[in-house]
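Position chain B against the provided structure of chain A, taking the given hints into account.
Heads up: the sequence lines are chains A and B, in that order. In terms of this note's numbering, the first sequence opens at residue 87 and continues consecutively. In terms of this note's numbering, the second sequence opens at residue 112 and continues consecutively.
Hints listed in this document are in silico derivations from the structure and should not be mistaken for laboratory results. Any given hint could turn out to be false.
Taking CB as the label site, the calculated pair distances span [said to hold, decoys possible]:
1. A:Glu121 with B:His199: 15 to 21 Å
2. A:Gly130 with B:Ser188: 19 to 25 Å
3. B:Thr232 with A:Lys139: 36 to 42 Å
Simulated pairs of lysine-lysine, PhoX-like, Cα-Cα distance not exceeding 20 Å [as the list claims (entries may be wrong)]:
4. B:Lys253 with A:Lys139
5. B:Lys210 with B:Lys290
6. B:Lys253 with B:Lys219
7. B:Lys210 with A:Lys123
8. B:Lys197 with B:Lys219
9. B:Lys219 with B:Lys181
10. B:Lys141 with A:Lys123
11. A:Lys139 with A:Lys123
Cβ atoms here follow ideal geometry from the backbone N, Cα and C, with glycine treated the same way.
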Amino acid sequence: MKKLLKILALVIVLSAGITWLVTGANRAWTKTSVEVKTLDPVTGIEGITYQPKFLPGVDFLGAAGGIAAVLAGSSLLFRDKNKTTNKQ
Amino acid sequence: MKLNHIIPLLCLTTAAAYAAPETFDFKDPKNVNNAVFKLDAPLESVNGSANGISGTVSFDPENPGATTGKIVIATESMTVPNPMQKEHLHGPNWLDVAKYPEISFEAKSLANVKTTGNVTTADVTGTFTLHGVSKDITAPVKFTYLKGRLGDRVPHMQGDLLVIRSEFSIDREDFNIQKGNFEDKVANEIDLTLAIAGAAPTP
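The following block holds chain A by itself, in its conformation from the complex (with noise of 0.2 Å):
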């Protein structure tokens, strides 16, 4: 279990990291939707419009961070099966 929790939170970690890496890494808040802007031809107005994309930012890696922490720490609370068997 001790093992299985360290994992996860390593997991977890690496996953926020190369997910965060991969989408352009966002040193802003996360954000849902991106802006696109297009040029009206006749007005010169450029037009704001926004389409639906997950932009992951620092408070993700905070959360992805707390969440492994939390998990490393719980890992505290179980023995280490093997020094238990040598103390034995």
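Relative to the frame of chain A, chain B by itself:
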């Protein structure tokens, strides 16, 4: 009535018709009109836009200084890319869209009017209403009159277009938006950029 009386009368009527101000409707069928807002914040500035724009402006290309009108922004149409920020923005602690569904600017007078070709620049003074508070402000404005160009934008329609651009700043505290609160998290000054086009179809 003799012909030499009718001709000058016709000329006068025609001149009067041309000199009459046109009423431009800013409800854009192409949904391009927008107002952009920006507030500085520690991690990143809060950038968003609104496209629920309506209103009318009376503009006379022969006398742009006499321009009057009112532009309305639907508060609900204000959008930011972060869902939590949007929820807070629309919520009762900030803009309270349920209670204050509109942001408006009603032009009262124009000063420093300069026209070059089809472009007029001026300083417009009017009443800006936000969050239930009305305040007189003056902002620079640029009008671009596009005579006969409505058909290029909206097929099967004839008429003129008027493009209005303006950039100005307001303080959120002047409009009782979280007055004295969150100054370290969200700037007091809000930068606004307006780019809108209105249509005056010919009957």
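Checked hints:
no.: 1; hint: A:Glu121 with B:His199: 15 to 21 Å; result: holds, 19 Å
no.: 2; hint: A:Gly130 with B:Ser188: 19 to 25 Å; result: holds, 22 Å
no.: 3; hint: B:Thr232 with A:Lys139: 36 to 42 Å; result: holds, 38 Å
no.: 4; hint: B:Lys253 with A:Lys139; result: violated, 35 Å
no.: 5; hint: B:Lys210 with B:Lys290; result: holds, 18 Å
no.: 6; hint: B:Lys253 with B:Lys219; result: holds, 16 Å
no.: 7; hint: B:Lys210 with A:Lys123; result: violated, 30 Å
no.: 8; hint: B:Lys197 with B:Lys219; result: violated, 32 Å
no.: 9; hint: B:Lys219 with B:Lys181; result: holds, 9 Å
no.: 10; hint: B:Lys141 with A:Lys123; result: holds, 13 Å
no.: 11; hint: A:Lys139 with A:Lys123; result: holds, 15 Å
The earlier numbered hints that this structure contradicts are 4, 7 and 8.
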